[in-house]
Amino acid sequence: MITKTLPQRTLKKEVSLNGVGLHTGRKVKLTFKPAPVNTGFVFLRTDIKPSFKIPADVQYVKTTDRGTTLEKDGIKIQTSEHVLAALVGMQIDNCLILIDAPESPIMDGSAKFFTEAIEKAGVVEQDEGRNEYVVTELISYKCKKSGSEITVMPS
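The opening residue of the sequence shown carries number 106 in our numbering; numbering runs sequentially from there.
No wet-lab data here; the hints were simulated from the structure.
One or more hints might be untrue.
Said to hold, decoys possible - Derived DEER-like restraints, expressed as beta-carbon distance ranges:
id, residue 1, residue 2, range
1, N143, K117, 12 to 20 Å
2, V193, K117, 42 to 50 Å
3, T241, I180, 22 to 30 Å
4, R131, S251, 30 to 38 Å
5, E230, A190, 16 to 24 Å
All figures in this text were calculated on a predicted structure; none of them were measured in a lab.
Even glycine gets a Cβ: it sits at the ideal position worked out from N, Cα and C.
I would like the entire structure built from these sequences, with the hints used as guidance.
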């Protein structure tokens with residue numbers, strides 16, 4: 106069941122972090138920017154001219170081996186998982202993520218510095234409801250090929 110009881114949220118102001126990519130070793134600047142309702146999370150590669158947008162959407166997940174890599178039209182964002190975890194954990198719905206390299210900075214290997222940056226920027230509610238899926242019955246899936254299983258229960 107889909108509900109819209111809570112408002113969408115974005116940042117009050119932009120905030121930046123600097124670090125190094127774990128796999129590329131390149132210096133990188135990442136900036137979180139407020140975004141309009143229903144934007145979701147969108148990476149914007151600013152090192153490419155014109156800048157290139159990659160939505161953080163499952164259709165663009167290229168690999169999950171040693172990090173989550175998003176790819177669209179041959180352009181990649183590597184090691185996106187800690188950035189996205191911080192946004193989800195802070196209940197942000199809409200954010201532009203400007204990045205001047207092909208990989209997010211690793212920071213300390215967690216979402217801590219990204220979360221602290223979001224706290225520093227502040228959060229603001231928006232004038233549109235958040236689409237939330239409410240689990241009302243047991244849902245199970247088992248992959249016959251890998252044997253992996255997942256079960257979701259109402260709570």
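Results for each hint:
1. Checked against the hint of 12 to 20 Å, the pair N143 and K117 passes, with Cβ atoms roughly 19 Å apart.
2. Checked against the hint of 42 to 50 Å, the pair V193 and K117 fails, with Cβ atoms roughly 18 Å apart.
3. In this structure the hint that T241 and I180 lie 22 to 30 Å apart at CB is violated, the actual value being about 39 Å.
4. Evaluation of the 30 to 38 Å hint for R131 and S251 yields a pass: the beta carbon distance comes to about 33 Å.
5. A beta carbon spacing of about 21 Å between E230 and A190 agrees with the range 16 to 24 Å that was offered as a hint.
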